[in-house]
Each structure stands twice: as structure tokens, then as C-alpha cells.
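Line order of the protein sequences matches chains Z and V. Numbers 1 to 292, taken from this note's numbering, label the letters of the first sequence in order. Numbers 1 to 276, taken from this note's numbering, label the letters of the second sequence in order.
Simulated from the structure, these hints should not be mistaken for lab results. Quick reminder that beta carbons are idealized off the backbone N, C-alpha and C, glycines included. Mixed in with the good hints, there may be bad ones.
The calculated lysine-lysine pairs, modelled on DSSO-like cross-linking and capped at a C-alpha distance of 30 Å, are [said to hold, decoys possible]:
id: 1; chain 1: Z; residue 1: LYS225; chain 2: Z; residue 2: LYS195
id: 2; chain 1: Z; residue 1: LYS85; chain 2: V; residue 2: LYS204
id: 3; chain 1: Z; residue 1: LYS124; chain 2: V; residue 2: LYS204
Derived, one-sided and incomplete: chain V residues facing chain Z with beta-carbon distance under 8 Å [as the list claims (entries may be wrong)]:
id: 4; residue: HIS39
id: 5; residue: GLN41
id: 6; residue: ARG55
id: 7; residue: GLN57
id: 8; residue: GLY93
id: 9; residue: HIS96
id: 10; residue: ALA97
id: 11; residue: ILE103
id: 12; residue: ASP275
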Amino acid sequence: MYGNKVAVRNLSLNVGRGKIFGFLGPNGAGKSTSIKMLLGLVKPSAGEAFVLGSPSSDVEIRRKIGFLPEDFRFYEWLTAAELLKLHGRLCGVPARTLRDRIPVLLDLVGLTPHRDKRLSDFSKGMLQRAGLAQALIHDPELIFLDEPTSGLDPMGRRLVRDIIRSQRERGATVFLNSHLLSEVEITCDHVAFIKDGEVIATRDLQAMTEGEIRVSVRARKLSMKIVAGLTSWCTSTNLEEEQLTLTTNSADRLPDLLRHLVLAGADVYEFTPEKLSLEDLFVRIMGEDRGL
Amino acid sequence: MGLWIMAEITFREAARRKILWTALIAGIGFLAVYGLGLHMQIAEFNGRNVAPFLRYQILSSMMMIGLYTVDLLAVVMTILTSIDTISGEITSGTIHAIAMKPISRWQILMGKWTGFAGMIAGYVVIMFGGTIAVGYWLGGVAPQNPIRGGLFVLLECLLALTVTLMFGTWFSTLTNGVIVLGLHGLAFMGGWMEQMSGFTQSTKLVMVGVISSLIMPSESVWRRAAYEMQSPLAGSLQFTPFADVSVPSMTMIGYTCVYLIFAMAIAIYHFHSRDL
């Protein structure tokens with residue numbers, strides 16, 4: 001609770017090991033608060049938060065967790081290498097391991113030429129990269145990234161995307177909180193939608209064949225009778241001269257639709273299914289923005 | 001382990017941000033001015049052929065003025081350097097990446113306290129030792145119990161540090177500064193009231209002084225330190241920061257220690273239980 005407002009309520013997420021999980025919601029939905037709660041930074045006003053099977057208040061469990069906060073801030077008088085060393089030591093990484101690991105991580109995030117430069121001289125994008133490296137310094141099992149690509153140029157975003165995927169490949173689970181739905185769409189395996197502090201929907205993006213699919217058809221010899229025959233497979237149809245737009249609930253119905261059109265005598269020139277974008281899905285689940 | 005890492009980082013921050021060096025350079029400047037003043041006074045004594053007893057008492061009093069200035073500098077430096085450490089990091093969000101690490105929040109707080117305490121102890125030793133060394137070298141005078149006095153001054157600084165950290169877990173940097181300096185001002189005024197009560201024999205003034213010392217005992221600790229270090233003549237001079245008109249007892253020193261521990265416990269409890 002923040003004052004009278006419920007920030008997070010009955011939040012329960014099952015995230016598989018080695019998956020990239022997107023956490024989506026409008027501003028003020030409770031995304032950052034949820035992450036802070038799982039990290040023990042915010043205490044629930046009632047109940048308890050658990051992460052990796054342990055209470056979030058358990059200090060030891062944090063050895064397995066990495067975190068890049070939104071608007072990453074750190075002691076700006078440190079250099080990039082010193083920052084990683086400090087975080088590594090706080091995570092209990094042995095000095096010898098750190099000596100080997102710090103150059104590797106700096107190279108991974110493209111900061112090797114700046115390793116001895118103070119963070120006060122870093123741009124926002126460079127700070128973001130340094131922050132990402134500190135989140136990975138102890139090879140965590142679970143990584144929370146809060147808006148990791150904000151402030152990054154397109155090359156930086158691609159780099160972060162590649163790093164996130166490489167973490168998945170080594171078996172880590174990545175919990176991604178981002179406003180950039182296009183980033184989430186091409187990076188995440190699963191997403192959860194949160195609104196007013198509650199998870200209202202989850203989706204498997206890898207197998208998102210269910211859900212609405214829009215099909216654009218350009219064909220001649222189309223008639224209202226032919227279109228009417230599609231209603232058993234479609235949720236909506238709209239015919240304008242040679243352009244037919246229809247929507248269906250499953251990709252499994254696409255062959256039946258095309259077969260019906262052809263067998264009914266239509267000359268089909270184009271048949272283009274468009275999977276509902278994450279943005280469309282987001283708007284549909286969250287509802288239109290009615291202003292603050 | 002986390003405690004020592006935080007202590008080290010606090011100390012290194014002060015060094016890297018030139019806080020330590022600036023304070024030391026200012027301290028050397030102070031010692032130079034103090035030494036110059038002593039030197040000129042001694043030259044004046046030599047010209048006038050002043051009686052050795054009077055010369056000793058005046059030079060001892062000048063040393064007490066020097067030590068009093070060191071005390072003020074040390075307390076103000078303590079407050080100014082530590083004022084932003086918790087509150088500023090909470091406001092900026094710097095604390096997030098630290099507090100989610102596998103270390104307890106009490107270790108973060110105690111680590112910072114330890115780092116600052118080490119830095120302040122070094123400052124007090126250098127400045128106190130420097131002032132006494134200059135006074136002894138130029139004027140041949142030394143305080144009565146310098147180690148005891150120095151320890152009490154350090155206690156006063158640690159009290160200021162603990163109170164600053166405690167309020168830092170609640171308030172913004174600016175509000176914290178207003179509160180801590182306000183408390184120190186209250187203690188300062190209370191101490192003078194108590195001194196004056198020795199002259200006017202007013203029990204009400206004593207009461208005001210005692211209450212203010214209970215609220216913030218920093219000035220009492222200084223007056224006890226002054227009592228330990230000063231010469232009898234300097235102590236008998238009323239209305240000075242070193243007068244022994246109303247000397248705080250060792251019970252007051254004990255109260256200060258309990259006060260400090262209690263403030264630290266409150267700081268840890270509140271920092272542990274608050275949202276970041």
C-alpha cells in the first residue's frame with residue numbers, strides 16, 4: 001500500500017528457469033514496486049513475498065539474484081572496473097574470480113576502453129551498460145532488469161538484447177520490465193500484464209498462436225455469399241471491393257479459410273495473416289488510455 | 001564482511017572526493033594561524049618581561065581556545081560529511097543496487113558509521129595532536145589530560161555522526177541538516193545557560209541547561225573535555241566555553257554513551273524497516 005493506493009495485490013508469477021519474462025503494464029501499475037518487493041527493497045504492508053522459494057527478506061537468497069534498477073545511479077567517483085569490483089565483493093565473489101571476470105564483463109558491455117574512467121564522466125547509455133555488467137558480476141540465477149534499454153541507442157539495445165539471450169542460454173532466468181513493447185516482443189518468452197497492482201493476464205509469446213489473428217485477403221470474384229460462408233471460422237469479416245479483412249481466433253483455421261475461398265471460386269491474389277502485435281494485445285488487455 | 005566493505009567504500013569516497021584532503025589542508029591552515037598567534041604573543045611577552053605564572057596561564061588559555069576551535073571544526077565536519085550519506089542515496093536511488101545485495105541493512109548503516117568514525121578519529125587525532133604539539137613547541141604548555149579530553153571530543157563527534165545518520169534514515173538531506181544543526185545549537189545554548197546559572201545562582205537556568213543537555217548532550221561532553229584539559233585559572237574564568245562553573249559529571253558522559261547506542265539502534269531499526 002502507498003497511502004490509500006494498493007500498489008501490488010495477490011501477485012503470483014511462475015517463471016520457468018532459463019526463460020525471459022516480460023512484465024508489462026501502464027505507468028503506476030506496480031511493476032517497479034513488484035520488483036522492489038521481490039528484492040526486499042519494499043516490504044509488503046500485508047503478507048509476504050517469495051522469490052526462488054525463499055522469503056524476499058532472506059538476505060542469502062540475493063546471492064542468486066542480479067538487479068539493474070531503473071535510472072541506474074551509483075557512486076560516480078568510482079571507475080567502471082571499481083564499480084564491478086565493489087558489487088562483486090558485496091555479492092561474495094572471490095577476489096581471484098573477480099580479476100578474471102571484470103575484464104570479460106566490461107568487454108561484453110563494450111566498456112573496455114572506459115574501464116578506468118570515472119562514472120561521473122559516463123553518458124546515460126554507458127552508465128546503463130555498467131549497471132547491466134554489475135547485475136551479472138556474480139552469475140546470478142535470476143536477473144531483474146528494470147528498463148534496461150532506456151537511454152540506449154539502437155546498437156546498445158541490440159547489445160542488451162544479445163546479452164539477455166546469452167544469459168538465458170546459460171540457464172539464467174531474466175525478468176524484464178520495459179515500456180518498449182517492441183523490445184519485449186522480440187526478446188521475451190513469456191509476458192505478464194499488470195494493472196492496478198494485479199496480474200490480469202499472462203501470455204506465452206513463443207507459442208502465441210491462440211489469440212486473434214487478422215488476415216488481409218485480396219481476391220477477385222468475392223461475393224457476400226462467399227464471405228458469409230466464412231463466419232463459422234471468423235470473429236469478424238469486412239469486404240470492400242476486392243479487399244477482404246477478417247479476424248480469427250486460431251492459426252489452425254487459416255488453411256480452412258483459404259480452402260473455402262478457393263473452392264468457392266474466388267481468385268486469391270494475396271492471403272496475409274498478421275499476428276496481433278504485443279502493442280495491440282497490450283491495448284486490448286489494458287483498455288484504452290483515458291488519461292491520468 | 002559487508003560492514004567492512006561499506007566502511008572502506010565510505011572512507012575511499014571521502015578521499016576520492018577530496019573531502020579528507022580539503023579538511024586536512026584547512027586544518028593545516030588553522031594550525032599555521034594558531035601557531036602564528038602563539039608566536040606573536042610569546043614575542044610580546046618576551047618584550048614586556050611578563051611573570052612566568054601569568055605567561056603560562058595565558059598561553060594555556062590560548063591552547064584551550066585552539067582546542068575549542070578544533071572541537072567545533074570536528075563536529076561541523078562530522079555533520080557536513082555525513083549529512084548526505086543515507087538520505088541522499090535514498091533520494092537518488094543509489095541505495096537500490098547496494099541494499100539488494102546479500103548484506104543486511106544494518107551492515108550498510110554500521111559500515112558507513114565505521115568509515116566515518118575512522119575518518120573523524122583520524123581528523124581529531126591530527127588536529128588535536130597538532131594543536132597540542134604547536135602549543136608545546138612554541139609556548140611550552142600542554143593540557144592537563146589531553147588523551148581523556150581528546151576521547152571526549154571524539155565522543156562528541158561520534159554522537160553528532162550517529163544522530164545525523166539516524167535522522168538521515170527518515171528525512172531528506174536538507175531537513176536532516178536543519179534538525180542536526182538545530183539540535184547542536186540547542187545544546188550549545190543550553191550549555192551557556194548552565195554556565196550562566198553558576199554566576200546568577202538561578203535553578204531555573206540550571207534546569208534549562210540540563211534539559212537541553214538531555215535532549216542533545218554534545219555540549220556537555222565538550223565542557224567535560226574542557227574541564228579535563230584546562231588549567232585551573234582558565235577554568236575559573238566564567239562565561240567562557242571552558243569554565244568549570246558547572247562541570248558535567250561522568251554520569252552525563254555515561255548518559256551520552258547510552259544516548260549514542262540508543263540513537264544507533266533506532267537508526268538501524270528504522271533503516272531496516274523502511275521502504276527504499
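Which constraints among the numbered hints does this structure fail? Numbers only, ascending. Per hint list: 1, 2, 3, 4, 5, 6 and 7 violated.
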